[in-house]
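One letter stands for each residue in the lines below.
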Amino acid sequence: MKLKSLLVGLGMIAGASLVHAEDPLKVGFVYVGPVGDLGWSYEHDRGRLGLEEYFGDKVETTFVENVPEGADAERVITQLAKAGNDMIFTTSFGFMNPTVKVAKRFPNVTFEHATGYKLSKNLGTYVLRTYEGRYISGVTAGMMTKTNTIGYIGSFPIPEVIRDINAVYMGAKSVNPDVKIKIVWANTWYDPGKETDAANALMDQGVDVLLQHTDSPAPLIAAEKRGLRGIGQASDQSKFAPTAHIFSVRDDWAPYYIKQVQAKMDGTWEPKDFWGGFQDDMLSLASINSNLPADVRTKIDMTRDSIKSGEFKPFTGPITDNKGNVVVPANHSLTDVELAKVNWYVEGITDEIPR
Amino acid sequence: MDSDLIVQILFAAIKTGTPLLFIALGEVICEKSGALNLGQEGMMLMGAVVGFLAAYGTGSAGLGVLAAILMGCLMSLIFAVLVLQLGANQVATGLALTIFGTGLSAFIGSGVVGETIQGFQPIAIPLLSDIPFIGRVLFQHDILVYLSFVMTFVLMFVINKTRSGLILKAVGENPHAANAIGIKVLRVRYLAIMFGGGMAGISGAYMSLVYTPMWVENMTAGRGWIALALVVFASWRVGRIMLGAYLFGLASIMHLVLQGLGWSISPNLLAMMPYVATVVVMVIISADRFKEKLLAPRSLGKPFDPRNMA
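Those protein sequence lines, which keep their order, are chains A and B.
Mapping of the first sequence onto the working numbering: residues 1 to 355, in sequence order.
Mapping of the second sequence onto the working numbering: residues 1 to 310, in sequence order.
Chain B with its partners taken away, still in its complex shape (with noise of 0.2 Å):
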């Protein structure tokens, strides 16, 4: 395997791990809040065939991202509704969003199917990509990627050193106490299930603006999914959500690239890879003596109801 090889397979990692890294961010934040939503997959797909109609029609790449984002914030709003103000169980609703996406994006798409449009084009940045192998890896990419990386250290930031990240943690770990020191945590939840939409929604656009410029039922084939799974492997921390993103990402090039490479590992089992490791982060977090250790919010899942305070 030669230098060359090895940038081409690190930087095409980075591209798959993007919508990825996109959506379990925002599955992070929403997650963080104490909401859990199963409708990735709808609301991505959402963004995706919203995305696409709105660049297919404007001609612009950028407001198809714009289009996409509000899509899904508007989507996690419908969630938000349900389980916050009418207390709907989050788990059926989440499933629930994914279903009606799925089959609206089908629809609203069906006059598009075939279509093509040109989507974001590479910039390589001045300087920084001319710095040897990481330059290539890292500063050749298309303006979503290098979003996803501000994105990343924004919320890390946000999380870890501010004010708003200590409330949004203090509402998905006790909302009870939350609420008792004068947060509004259906305020907070609100947001931060809409953050999660919003992120969704980028990375339906992505795959329908840049990975493959088109549209085409269920194209997003259960990313949503994986970045569910990515959320618990990464045991709620951004900068590990990154990390697995890429690794995801590299794990499906590389078990593309060393085929190719006449490798006579089973694909199967390369393929495998990415939800072995997930599992095994389950089994280890399902260990009660571990629990405090991988950060779940203590309120994942469990409705809160301000005027039923026990």
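Isolated chain A, as found in the complex (with noise of 0.2 Å):
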């Protein structure tokens, strides 16, 4: 009897140490919407399944989609940890202080936390460098535009938003001299219906070629329905609008996901802050539209080149700010940290900041 069950407790050992030789990594994403959105959390959620596509059987994931920012996030966050996974991705601004708190009390699981600023010594941050993606859309936005009015439907105005809005309107100015930006904003990140209401009051407004910070392809559907043009963000939304689509800047996350998983692998893993743009592949343009002039299509390359290859950067001075300021000097690129600021529209932008 005794002998049985040392043998059985041998086994249980055994066995347990071999399912821990081939037990996967273990890794959880937080989603902010839902995973149909097509924008955000779908390109977040695609990254996901290219991590699985990539290490087959040595990782094992899960995700949770449509946390409220908040402390519903502290506890869905802290429910993955409990859980035995081994790194969490959590894919939201406002899931910036849950992350931290919850990586304090779990020390052995590594946490990324995209978009925010915070490290810890198991907590690093990760951002795309979407301005790169709009410089280029301003660039096209300029070329194309008839009634040199081009709109721009912002989310908030927070850095990454008013930092791309400037991205944008410097492109366009560098083609175009007299181009003007219309700046609406939608205070949602997600809302089809009052995309469209965006999209509607800046075509009304003799806005002729729409790019947006929203997620939804709603904005590209009302610019088809009138003949207009429009940029889609986050996700390939050519399907939307065959027409009125002229690309689409593609967030891709899976290259990030795949290295950080490798390095937490081979225990190389350390907190950073990291900024990936094209040249890392995380952004890509996709479904450039056929029926785009060929002087524009080459202009498009040439910038997209030209960005990927690290000679040029968008945010490069000289600088000025639309109140007169020299906000970033001549033969400076401005750094990740200074581009986490940026508070200020370029010369030439007529709005004001909302505050």
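Since the hints were made in silico from the structure, they are not lab data.
C-beta atoms are modelled at their ideal positions from N, C-alpha and C, and glycine is treated no differently.
Just so you know, not all the hints are guaranteed correct.
Stretch by stretch, here's where chain B covers chain A in the computed footprint (C-beta under 8 Å, at least three residues) [to be verified]:
# : stretch
1 : 36-46
2 : 178-186
3 : 200-210
Which chain A residues face chain B? A few, computed with CB under 10 Å, are given here [claimed, not checked]:
#  : residue
4  : Gly70
5  : Gly151
6  : Ile153
7  : Tyr190
8  : Gly193
9  : Glu195
10 : Thr196
11 : Asp197
12 : Ala218
13 : Ile221
14 : Ala222
15 : Lys239
16 : Thr243
17 : Gly348
18 : Glu352
19 : Pro354
Starting from the two chains in their separate frames, assemble the complex, guided by the hints.
Below, the structure written as structure tokens:
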């Protein structure tokens, strides 16, 4: 009897260690929106799927979608940590403080927070250089506009969005000195109805190329209805507006997720503040419309290539803000720390930033 | 601001107000019977997804609307059975219905995320649409907008001028008295609740077939909740609901248009306006002496059990 239980015991230990050797790395994701939003959360989920595809049985992923920013987020992140996840990615700015808190309580779990700025010994952050895509969008919009008025649907007046508006305008201005930009704040990341209203309000006021920082394809659909043009963001939105769609700047998180999970597996993971763009294959131009004039197409490719090679950085001085102050001195390119603090509009944008 | 822009703004305000109008009209009938259904958002989402699926599958936007109405009725029937037959708490049941509808709509719609359809096209009504200014604001819409006009006037008539309207109000005010004079209270409430569901269904279909002809998760973005506020805002009067819906529409349009015109009013402040108005009305309602004037059905939210006549 004793022998038997001993054998069973030994067997269990052997079995456990065997299982342990093949134990997949458990990775959890927290999304602010539904994965079906076809924008931000959708692309993060594609990144997760890319991770699974790359590592196969070596990883096991879970995700929680539609998580409100705030107290609920802390509960969800804690749950994921308790459930034995080795690594947790939280993918919205508002998850920053909850992630910091939970990271403190679970020192053995590795946390990564998208778009934040707080680091700790088991918490890293990562951001997309969306302004690179916006600059190319601006160049394109500046060439395509016939009314010399392009429109931007803003989500919230935070540095990321302000930075991107500046990038768009600088891009447009570089090819079209007369171009004007109209900005409308929708006060939402995602509300197709409101985004449609915002798009129509802009088009009613003479805008003929629409850009957006909100996530749904609704503005493109509105542009298609009125025979005007628009540029998609976050994911490939071409099928919603076959004629209107110029291109989409697509987010691709998979390369980053794969790199960080690999680092965790190798034991080389360190907390970093990582910014990825075209150079890191985390941004791309999806479905460039074949109905574009040849010179526009050429200019798009040239601009993208010079950004991708690192030869051109949009926020390189001299840059003056719309109150006449030099905000970037000549020959200086804004560092990531400085980019994170952009709270001015460049010269030529007549609006005020809402406070 | 030139007159063209004003026409466009008013036109857009009506379009933006229409889904709110449909769902709030449904809710007011439901509440007039004494049933408070907080499941509006869930029913609306189900209407949106089922309407889209049906229109996508059959190629007919009209069939899409029909399917959405049926779905809305079915969803509200769940609510009706729970609160009327089983005596479940109305607030909790309504909230559960919203959560259920939000999840289920995402689930059954996952196959058509990103598909698009040809929704309803605008129809300019002959003669009427030629009236200067008003014609362009009111009579160049799609068929559902016209249906919302018709529904508003029909309901106004039914509630104020017909026997059915009296019965509905009697049930909402004092179900015991109504029961005593032989009115089938539960039957009236079933019908009122299901009418509310059907209207929520159309409202959802308006979002997914006309407003932004596509399906994406959670695309109603809280409009069901605004409708609940609207009913209070309108103090349970149909005419005021129409006015309120268009005011909400106008407020949300203006906040976008004014920014484009370069007005430096905080967009947050403007976006808040409709809610501020609602809060003010709520405060007024909460003051007792005004209660009589504001017409909240007196049995609202209270269960009625014909077997237990006190």
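Going through the hints against the structure:
Counting residues of the stretch 36-46 of chain A whose CB lies closer than 8 Å to any CB of chain B gives 3, which reaches the minimum of 3, so the coverage claim holds. Coverage of a stretch by a chain is defined here by at least three residues with a beta carbon nearer than 8 Å to that chain's beta carbons; for the stretch 178-186 of chain A and chain B the count is 5, and the condition holds. For the stretch 200-210 of chain A, the assignment as covered by chain B holds, since 6 residues bring a beta-carbon within under 8 Å of that chain's beta-carbons and 3 suffice. Interface restraint check: Gly70(A) against chain B, minimum CB-CB distance 16 Å, threshold 10 Å, status violated.
Annotation: Gly151(A) was flagged as interfacial toward chain B, and the flag holds, the nearest CB pair being 8 Å apart, inside 10 Å. About 9 Å separates the beta-carbon of Ile153(A) from the nearest beta-carbon of chain B, less than 10 Å, and the hint is met. Taking 10 Å as the C-beta cut-off, the interface hint given for Tyr190(A) holds, the closest approach to chain B being about 7 Å. Interface restraint check: Gly193(A) against chain B, minimum CB-CB distance 6 Å, threshold 10 Å, status holds.
A least Cβ separation of about 8 Å between Glu195(A) and chain B falls short of the 10 Å threshold, and the interface hint therefore holds. With 10 Å as the threshold, the beta carbon of Thr196(A) comes within range of chain B, its nearest partner Cβ sitting at about 5 Å, so the hint holds. Here the hint on Asp197(A) is kept, as its CB sits about 6 Å from the closest CB of chain B, short of 10 Å. Interface restraint check for Ala218(A): the shortest CB-CB distance to chain B comes to about 5 Å, inside 10 Å, so the restraint holds.
With a least beta-carbon distance of about 6 Å to chain B, the hint placing Ile221(A) at the interface is held under the 10 Å criterion. Look at Ala222(A): its Cβ gets to within about 8 Å of chain B, closer than 10 Å, so that hint holds up. Taking 10 Å as the C-beta cut-off, the interface hint given for Lys239(A) holds, the closest approach to chain B being about 7 Å. Interface hint status for Thr243(A): violated, as the beta-carbon distance to the closest one in chain B is roughly 13 Å, over 10 Å.
Restraint check, Gly348(A) versus chain B: the minimum CB separation of about 14 Å is more than 10 Å; hint violated. Look at Glu352(A): its Cβ gets to within about 5 Å of chain B, closer than 10 Å, so that hint holds up. Using the Cβ-Cβ criterion of 10 Å, the hint placing Pro354(A) at the interface with chain B is satisfied: the shortest such distance is roughly 5 Å.
Hints 4, 16, 17 from the list above are not met by this structure, while the remaining hints are.
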